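Visitor: So the chains spell out like this:
There are 2 protein chains.
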Amino acid sequence: MAESSSRAAPVAAVVGATGAVGRELIACLERRNFPLRQLRLFASARSAGTTLPFRGEPLRVEELTAQGLRGVDVALFSAGGATSRRFVPLAVRAGATVIDNSSAFRMEPDVPLVVPEINPEALRGHRGIIANPNCCAIIAITPLWPLHRANRITRLQITTYQAASGAGAAAMEELRASTRAFLDGESYAPRVLPHPYAFNVFSHNTSVDADSGYNEEETKVMQEIRKIFADPGMRISATCVRVPVLRAHAIALNLECAAPLSVAAARDLIGGAPGVRLVDDRERNYFPMPRDASGQDEILAGRIRQDLSDPSGRSLALFVAGDQLLKGAALNAVQIAERL
Amino acid sequence: MAESSSRAAPVAAVVGATGAVGRELIACLERRNFPLRQLRLFASARSAGTTLPFRGEPLRVEELTAQGLRGVDVALFSAGGATSRRFVPLAVRAGATVIDNSSAFRMEPDVPLVVPEINPEALRGHRGIIANPNCCAIIAITPLWPLHRANRITRLQITTYQAASGAGAAAMEELRASTRAFLDGESYAPRVLPHPYAFNVFSHNTSVDADSGYNEEETKVMQEIRKIFADPGMRISATCVRVPVLRAHAIALNLECAAPLSVAAARDLIGGAPGVRLVDDRERNYFPMPRDASGQDEILAGRIRQDLSDPSGRSLALFVAGDQLLKGAALNAVQIAERL
Chain A
1 MAESSSRAAP VAAVVGATGA VGRELIACLE RRNFPLRQLR LFASARSAGT
51 TLPFRGEPLR VEELTAQGLR GVDVALFSAG GATSRRFVPL AVRAGATVID
101 NSSAFRMEPD VPLVVPEINP EALRGHRGII ANPNCCAIIA ITPLWPLHRA
151 NRITRLQITT YQAASGAGAA AMEELRASTR AFLDGESYAP RVLPHPYAFN
201 VFSHNTSVDA DSGYNEEETK VMQEIRKIFA DPGMRISATC VRVPVLRAHA
251 IALNLECAAP LSVAAARDLI GGAPGVRLVD DRERNYFPMP RDASGQDEIL
301 AGRIRQDLSD PSGRSLALFV AGDQLLKGAA LNAVQIAERL
Chain B
1001 MAESSSRAAP VAAVVGATGA VGRELIACLE RRNFPLRQLR LFASARSAGT
1051 TLPFRGEPLR VEELTAQGLR GVDVALFSAG GATSRRFVPL AVRAGATVID
1101 NSSAFRMEPD VPLVVPEINP EALRGHRGII ANPNCCAIIA ITPLWPLHRA
1151 NRITRLQITT YQAASGAGAA AMEELRASTR AFLDGESYAP RVLPHPYAFN
1201 VFSHNTSVDA DSGYNEEETK VMQEIRKIFA DPGMRISATC VRVPVLRAHA
1251 IALNLECAAP LSVAAARDLI GGAPGVRLVD DRERNYFPMP RDASGQDEIL
1301 AGRIRQDLSD PSGRSLALFV AGDQLLKGAA LNAVQIAERL
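Going line by line, the protein sequences match chains A and B. For what it's worth, this note's numbering labels the leading residue of the first sequence as 1, then goes sequentially. For what it's worth, this note's numbering labels the leading residue of the second sequence as 1001, then goes sequentially.
This is chain A alone, in the form it adopts within the complex (with noise of 0.2 angstroms):
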């Protein structure tokens, strides 16, 4: 930190920054003193004009143009995969670095996929653009990687009770909308979401493949799993789902390694890994839970035993629970801007 400091400080843009990651993001970047010559605020031009505090002063946000990006070092994007598509490209011609939140490039060969308790190492040689992963993604998989160097993950089946957030500011809305009127009697119609939210679960509200019959949100998270471990030949199935739920995911995991392992090793693994909470008290029977991730910056992480299903040794069930806005989104993204 001291040698980046040393350095001139950047002047860092938040791009999509009245959104709920947006907001987020600027408020990484003020509690972890990111150093920066200069913070600009980029949105819409619906969303352009207002005001958003920072370091304890009123920033104004600016409306997103290809001229306002010039003299940008840092942007850290969260506007969504057509403004991604459509800026990104601009503002590394204009000579920033880009870290996109969208899934824009992330399978791009070229396009470093970045959680930076993993894979570090391939920020080297990026050419403008990182991605930062889909959110299920790195909650999932943050608290394996020790566990995946030791002993190889093999095959993993994702099972996730995904949070309002992801989907973005007015669906956190709707579901506390949609949960009052719910409660007073009163009906309400969907606006953001495609299915009722109060007290109800619903499957991953993005398309899904025809052929396949996995969503989008399935997809990404098995593709950018193998990916961001490098391990193309990892056998992965994801089942994305949306519960009632504000601001934090959980997730089920059951994996197979490719040796047997006990609980009390992965134990050990899993909760020495960076960023990473033990929270596995079967006594006071005690778990991950969304309540008591969100907010939080570390990935809880436990509930870790043998999938009985297995009887080879090799397989382990675990739950994990972390904030989509946080370590899902824009801390990952401010982590990944830390390291360059």
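Just so you know, the hints here were simulated from the structure itself, not pulled from any lab data. All of these numbers come straight from a predicted model, not from anything done at the bench. Worth double-checking, as some hints may not be accurate.
Said to hold, decoys possible - Covered stretches of chain A (chain B as the covering partner; in silico rule of three or more C-beta atoms under 8 angstroms from a C-beta of chain B):
#1 121 to 135
#2 232 to 242
#3 277 to 286
Beta carbons are placed, not taken as given, at the ideal position from N, Cα and C, and that holds for glycine.
Model the placement of chain B on the given structure of chain A, informed by the hints.
Guide: Quick look at chain B alone, frame taken from chain A:
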């Protein structure tokens, strides 16, 4: 039905009549026009004296005593394990056939554990007690039975999204009250369940085995499925989780069959299962949801696709939802009574 009506109709009893399942038992008996000479309602001393409607008349709830059960031909118990352990043997001794919704007798070798769509033949030769299975077991396997018969399921992994109703009417009320408090910015101390329920997800509230790490709910589900399927070798693991939903469970299933099978063949088998409705619309992203399953007799099944983590073509993933109080409890019990 004509034949059973021509015999002397039985005196039926609901024990635990004022509970969440008890009320649904009464409603199921009425709605299905169950042939009976008299219905008697029993509850603890605390609830005795209240009246509940049945076929347009108010029925007085009696305090449960050994004497009171005399003259009852069929008793539907849903008053918890302790009450069942004490009173079910007394009811049987007094001449009643008992259908018990608790887990007290389910794993007794001489007690049939029955899902009428799956193993009605297990009712033959019962000794007065028939056990109604765990709600998750019923909801998970009713759609799987025709598939299992066509192509044996050798491995089954169950990940649940369980509603409040499984913990009783008080838990449902706690979910409502704590959610309202959360939305109003007020604090709420959990009274019924061990963790905050509003906009949260937590590992099932039954106690966790110190050695295996599995909770009692998971152990029940794994044991009971093997018994109902009469397949002691089936390899099963379960992860049981509460979600903030009122009365219908959703379950993600990953299964492996003895031989490869196509999604189309699986869809035909699952869609043809008695008591099951296929909800599997990839184009509209419409799949089983607790909201749609609530108040429905049928279990909804869909999201049928290959489990991509198994390249052998023998594994599938699917998603089901069923009303915990109906097919998960009261309806299945009344269906057993109809078969007797």
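Visitor: Next, verify each hint and record whether it holds.
Guide: Results of checking the hints against the structure:
1. 121 to 135: violated (count 0)
2. 232 to 242: holds (count 5)
3. 277 to 286: Coverage by chain B holds for the segment 277 to 286 of chain A (3 residues, Cβ < 8 angstroms).
Comparing the model with each numbered hint stated earlier shows that hint 1 is the single one that does not hold.
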